[in-house]
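Visitor: Going down the list, the sequences are from chains V and D. Just so we're aligned: 63 in my numbering is position 63 of the first sequence, and the numbers increase by one with no gaps anywhere. In my numbering, each residue's number is its place in the second sequence (first place is 1) plus 111.
None of these hints come from the bench; they were simulated from the model. Certain hints may be false.
Partial pick of chain D residues on the chain V-facing surface, computed with a CB cut under 8 Å [to be verified]:
(1) Lys152
(2) Leu154
(3) Pro177
List time: in silico DSSO-like cross-link candidates among lysine-lysine, alpha-carbon distance up to 30 Å [claimed, not checked]:
(4) V/Lys68 x D/Lys182
(5) D/Lys178 x V/Lys68
(6) D/Lys178 x V/Lys98
Output of the computed footprint for chain D on chain V, the stretches with three or more beta carbons under 8 Å from beta carbons of chain D [said to hold, decoys possible]:
(7) 41 to 49
(8) 58 to 71
(9) 79 to 92
Cβ coordinates follow ideal geometry from the N, Cα and C atoms, glycine included.
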Amino acid sequence: GEDVEQSLFLSVREGDSSVINCTYTDSSSTYLYWYKQEPGAGLQLLTYIFSNMDMKQDQRLTVLLNKKDKHLSLRIADTQTGDSAIYFCAEAPSGGFKTIFGAGTRLFVKA
Amino acid sequence: DTAVSQTPKYLVTQMGNDKSIKCEQNLGHDTMYWYKQDSKKFLKIMFSYNNKELIINETVPNRFSPKSPDKAHLNLHINSLELGDSAVYFCASSQVSSRDRYGNTIYFGEGSWLTVV
Chain V
1 GEDVEQSLFL
11 SVREGDSSVI
21 NCTYTDSSST
31 YLYWYKQEPG
41 AGLQLLTYIF
51 SNMDMKQDQR
61 LTVLLNKKDK
71 HLSLRIADTQ
81 TGDSAIYFCA
91 EAPSGGFKTI
101 FGAGTRLFVK
111 A
Chain D
112 DTAVSQTPKY
122 LVTQMGNDKS
132 IKCEQNLGHD
142 TMYWYKQDSK
152 KFLKIMFSYN
162 NKELIINETV
172 PNRFSPKSPD
182 KAHLNLHINS
192 LELGDSAVYF
202 CASSQVSSRD
212 RYGNTIYFGE
222 GSWLTVV
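Isolated chain V (complex conformation) (with noise of 0.2 Å):
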């Protein structure tokens, strides 16, 4: 079945890289996302990979993608403190409607 599995919680110094993982279940999903979520507010779209690609990389954000292992992992480096909020993995199966949302990973960024 379909399913996408992240760790809920993170922790990490202002400054540090941060390192969010994510596991997906479905191979024939075409892209991958993370959405960021602040408190209080809806879902945004942080970035996405191509499942062609193994990375991508947008200013302070790297995406890697494993295909083999369906790992996917987002890197923030240098850490703020307004880089704190929840980010939800996503997988969108080819040829469906679903795009299937992980359970969402809590950063907490310390001053």
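Starting from the known structure of chain V, arrange chain D on it as the hints suggest.
Guide: Below, chain D alone, put in the same frame as chain V:
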């Protein structure tokens, strides 16, 4: 120029009441969704409409009834509200017709905080 807007943002109501949440998207997308986020922040899809046609209907009590008068609107009506209905309800949209080429990127509204007392 909000992309996905939903109203009301906050709603406090008594058990047994009927309430509606409205949603509109101005992105020209062909698909709209309702998601429920519980107190632990788990996000669960409830319904999806593609070009006004219901395509996803998860295991949701039939007290919940979506209505899509046109592609740009998807409203959620809830009858006989229960305490367990308290949650944040997110409306969202995407352009599914181009998903194989561009993926199914979903755009979310800001959420409607429903509290049933």
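Visitor: All hints are to be evaluated individually against the structure, with a verdict given for each.
Guide: Going through the hints against the structure:
no. : hint               : verdict
1   : Lys152             : 5 Å, holds
2   : Leu154             : 5 Å, holds
3   : Pro177             : 14 Å, violated
4   : V/Lys68 x D/Lys182 : 38 Å, violated
5   : D/Lys178 x V/Lys68 : 41 Å, violated
6   : D/Lys178 x V/Lys98 : 19 Å, holds
7   : 41 to 49           : holds (count 6)
8   : 58 to 71           : violated (count 0)
9   : 79 to 92           : holds (count 4)
Hint compliance for this structure: hints 3, 4, 5 and 8 are broken, all remaining hints hold.
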